[in-house]
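**Q** Chain residues, written in single-letter form:
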Amino acid sequence: MHVIVATDGSKQSLAAAKHLKSFADPTKITEISVVAVVRPLASVAFADDLSEGRLDGSFRDAARSAVDTIAGVFEGWGPKVSKRIRSGSAANEIIKAAKQYDAGLVVVAAGGRGLSDSVLVGSTAQRVQHYAPCPVLVVRPAPRKKK
Amino acid sequence: MADSATIPRPDEDDSDLKRSITGKLLFFYTLGDVLGSGIYVLIGLVAAAVGGAFWIAFALGVTVAAITGAAYAELVTKYPQAAGASLYVNKAFGSRPLTFLITVAFLSASMAASGSLAVGFASYFSEVWSAPPALLVSLVFIALLVVVNFIGITESVWMNMLMTFVEVAGLAIVLVIGIVYVAQGNADFGVLAQIETGGDYSSPALAVLAGIAFSFFAMTGFENTANVAEETIEPYKAFPRSLVGGMMVAGLVYVLVSMAAALTVPVETLAESDAALLEVVKAGILPFSTDLMTMLFSVIALIAITNTTLVTIVTQPRVLYGMAREDVVPGVFAKIHPVRRSPWVGLLFSGFVVGSLLVIGTLVTEAGGGIDLVGRLATVTVVLLLAIYALVIVACLRLRGRDEHDRIFHASTPLLFVGLVGNLAILGFTVYDDPYSLVWCAGLLGVGLVLFLAEYFFGDKGTGSRAPDLDAATAAGSSTRED
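Top line first, the protein sequences correspond to chains R and H. Under my numbering, the first residue of the first sequence is numbered 141, with each subsequent residue one higher. Under my numbering, the first residue of the second sequence is numbered 2, with each subsequent residue one higher.
No lab work stands behind these hints: they were computed from the structure. None of the values given here were measured: they were computed from a predicted structure. Be aware that one or more of the hints could be misleading.
Per the computed footprint, the stretches of chain R lying under chain H, defined by three or more beta-carbons under 8 Å from a beta-carbon of chain H, are [unchecked claim]: (1) 146 to 158; (2) 181 to 189; (3) 210 to 220.
Quick partial rundown of chain R residues pointing at chain H, CB under 10 Å, derived from the structure [as the list claims (entries may be wrong)]: (4) P166; (5) T170; (6) V178; (7) G228; (8) E233; (9) S263; (10) P281.
As a list, the in silico SDA-like pairs of lysine to any residue whose alpha-carbon atoms are at most 25 Å apart [as the list claims (entries may be wrong)]: (11) R:K223 - H:L163; (12) R:K236 - H:K336; (13) R:K236 - H:K92; (14) R:K223 - H:L145; (15) R:K236 - H:V158; (16) R:K236 - H:L145; (17) H:K336 - R:S191; (18) R:K236 - H:L163; (19) R:K223 - H:Y80; (20) R:K168 - R:D201; (21) H:K92 - R:P219; (22) H:K336 - R:D208; (23) H:K238 - H:L145; (24) H:K92 - R:D201; (25) H:K92 - R:V278; (26) R:K158 - H:K336; (27) R:K220 - R:V278; (28) R:K158 - H:T23; (29) H:K238 - R:K158; (30) R:K236 - H:Y80; (31) R:K236 - R:A282; (32) R:K161 - H:P339; (33) R:K158 - H:P339; (34) H:K336 - H:W159; (35) R:K223 - R:A164; (36) H:K92 - R:S205; (37) R:K236 - H:W159; (38) H:K238 - R:S198; (39) H:K336 - R:S198.
Glycine is no exception: its CB is placed at the ideal position from the N, C-alpha and C atoms.
Hey, can you work out the whole structure from these sequences and the hints?
**A** The structure is reproduced here in structure tokens:
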């Protein structure tokens, strides 16, 4: 099975990757594609919260380093890992990649807790869930613990 | 595994690195960005300065801008990154204070442009619905664009193309009116050679120079195409063609539209109007109801202005984000919203500064400051951008022989010198004509300085470059849902 692990450079996407690794059987997975999508017309085309280093005007470099970090999670785990950077609208590109690679599972992070996620419709995770050609694993952040 | 639509590139060997901006999209991005800024807003001012021959001002202005565009095309193909002028100046001079100054100047120019466009938006809006006060309309307009940008609707390239088509359609209406008028045999072509010398400017050359200075706002916007440099397929081919080509098409449209406007409407009427191109439509030359045409044209103008303003509102938080990652402004500007992946602090800040410009400008106007807010903010934009353009051309010349390879586009050196002189001449005149615009420029640059000092004295050193705590992320992924 080909698994797509999407990253938007957020820590939550790293948590999603680690979550997949925590329960999935590496012998059932043939290949993992780590996909990052650069959004050329967005204010910040790609924000990498996963690695140190400055933005030298290259959002591609930011995407590359986020993909490297996520790919690092699966190093030595078994399946072949490929790194892919695409360009365009995040949800569209993830869905296109899933079709193109004939993926068996897409792993995405949903960043929001509570209000912001339910009020702001059309987030990437929601669109991927609705239109992906295969099962989707949406990794949500844990609810805040009550003190 | 390769996408059939993607052209393989030598640096895309191990992983498929796909780019999404084609040459065609880049052309429309340039055209839309340039056409929306100004012609709808400023044509009256230009007509007032020059007289019937104001098309000459547009022709000369766009020539200087297109040469500057060629310098940008050379630098973009040499350094295909999203940072624009700051990057080129940094590469050419390696001076951090100068780079900071240019970055802040660019940010300020972009904010003043948003303000000018918002006031222009309000002028056309009053033709559709005149009840709400102009200040309120422009503030709501900016607030809406901030929200739209936060949500990310602006990211659709097709939306961008559609808006550009609408923009061109609006100007095509003006052209058709001009052609019909000429065909009816009513046109007096003598007006096209008429240069006003009885007014503020004594010599024809000075009147034309004034016109160029006023019209130059309509030429700006092309520098924002550097935003998408990294994501452009075959940038070496696409940039020179689409950027310079887009400028030339925009120039041609401007000249034809100016001629059509001058032929069909008395120059005095154009000069007095807040929404001058609307006067052409109102002249009632086409056999349609004038009310309907006015409404249609106003809506088209509103869309055109929105398109260009959106690009400025997208650019400002991006610049702030880059500076925050460089540790020259407070780190909050690098904050990204967890769901939307938008730089929400930078966006709010941009909206706030533009809103303040509008409020201050309106107060000054009402207190009898005797300024025309659209014109003043446009002048501020032009002053800052002309200085940047001149410096970019110098940077382009200075970087000759460095980082060269076969595929880089080279702008003609003599033309670059012409462009440099042109930019400086327009800059000199603008400052001479409206020295108070410098106060506004200084005010905006001061905002940048305040941000720098805030970071310098209170900032957390290394906001941009600190290694994130990645273990915290593992704990967060404990609750999951599967579809």
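**Q** Against the earlier hints, flag every one the structure doesn't satisfy and list their numbers going up.
**A** Hints 3, 4, 5, 11, 12, 13, 14, 16, 20, 21, 23, 25, 28, 29, 30, 31, 34 not satisfied by this model.
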